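Participant: Residue numbers (my numbering), protein chains in the order written: chain A, 6 to 77; chain B, 6 to 77.
Just so you know, these hints were derived from the structure itself, not from any lab.
Quick caveat, the model's predicted, so the values are computed rather than measured.
Treat the hints with care, as some may be off.
One copy or two, it doesn't matter: identical chains are merged, so the pair holds either way.
What the hints assert, rightly or not - With a straight-line Cα cutoff of 25 Å, these simulated SDA-like cross-link-like pairs (lysine to any residue) come out:
hint, residue 1, residue 2
1, K26, A66
2, K45, V32
3, K60, A28
4, K45, M6
5, K60, G34
6, K26, G39
7, K60, G30
Number of protein chains: 2
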Amino acid sequence: MTTLILEVPGMSCGHCESAVKGAVGNVAGVRDVGVDLTSKLVTVAGENIDVNAIKVAIDGAGYEVVAQYERS
Amino acid sequence: MTTLILEVPGMSCGHCESAVKGAVGNVAGVRDVGVDLTSKLVTVAGENIDVNAIKVAIDGAGYEVVAQYERS
Chain A
6 MTTLILEVPG
16 MSCGHCESAV
26 KGAVGNVAGV
36 RDVGVDLTSK
46 LVTVAGENID
56 VNAIKVAIDG
66 AGYEVVAQYE
76 RS
Chain B
6 MTTLILEVPG
16 MSCGHCESAV
26 KGAVGNVAGV
36 RDVGVDLTSK
46 LVTVAGENID
56 VNAIKVAIDG
66 AGYEVVAQYE
76 RS
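Isolated chain A, as found in the complex (with noise of 0.2 Å):
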């Protein structure tokens, strides 16, 4: 299981947020994912997940990944 965080501040409300985690959650190998508004980080958990196939998937939802955080 690899974990992985991003920072997304274009997140502000629930709408933004089922936005979001509708769209990673169809990435493959994607088990997980968790949205918190506040700090505008999305933590994605799952199996050889393609970090570029997520953040197209958060582009094409409308949304823009600013950075990107992993596990050291």
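Mind docking chain B on chain A? Use the hints.
Facilitator: Same frame as chain A, but now just chain B:
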């Protein structure tokens, strides 16, 4: 400015949030500390942050860091 994200599962209430924010906020170089009790993530922003000093501060407040994430 560097941003670091730490996973601290033991945080469950406002007391935990205040304790962790206070401890991390005292570490040299730290400018801003955010705590999300749902995702159990602590977001730390600052200049020349010493990750180990932050982990020691959180440990000293009675909480355990189980994972750390750095911007990639």
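Participant: If the cutoff is 25 Å on CA atoms, where do K26 and G39 land: within, between, both or neither? Let me know, please.
Facilitator: both (7 Å within a copy, 22 Å between copies)
Participant: When no copy is specified for K60 and G30, does a C-alpha distance of 25 Å or less occur within a copy, between copies, both, or neither?
Facilitator: This pair counts as within: shortest intra-copy Cα distance 12 Å, inter-copy 32 Å.
Participant: Between copies, within a copy, both or neither: which fits K45 and V32 at Cα up to 25 Å?
Facilitator: For K45 and V32, both the intra-copy (20 Å) and inter-copy (24 Å) Cα distances are at most 25 Å.
Participant: Is it within a copy, between copies, both, or neither that the alpha carbon of K60 lies no farther than 25 Å from that of A28?
Facilitator: within (10 Å within a copy, 34 Å between copies)
Participant: Under a CA distance limit of 25 Å, which applies to K26 and A66: within one copy, between copies, both, or neither?
Facilitator: Only inside one copy: K26 and A66 sit 10 Å apart there, 33 Å across copies, limit 25 Å.
Participant: Please sort K45 with M6 into within, between, both or neither, judging by C-alpha distance up to 25 Å.
Facilitator: Both, since 23 Å and 17 Å are each at most 25 Å.
Participant: Give the relationship of K60 and G34 under a CA distance limit of 25 Å: within one copy only, between copies only, both, or neither.
Facilitator: within (14 Å within a copy, 31 Å between copies)
The structure meets every hint from the earlier list without exception.
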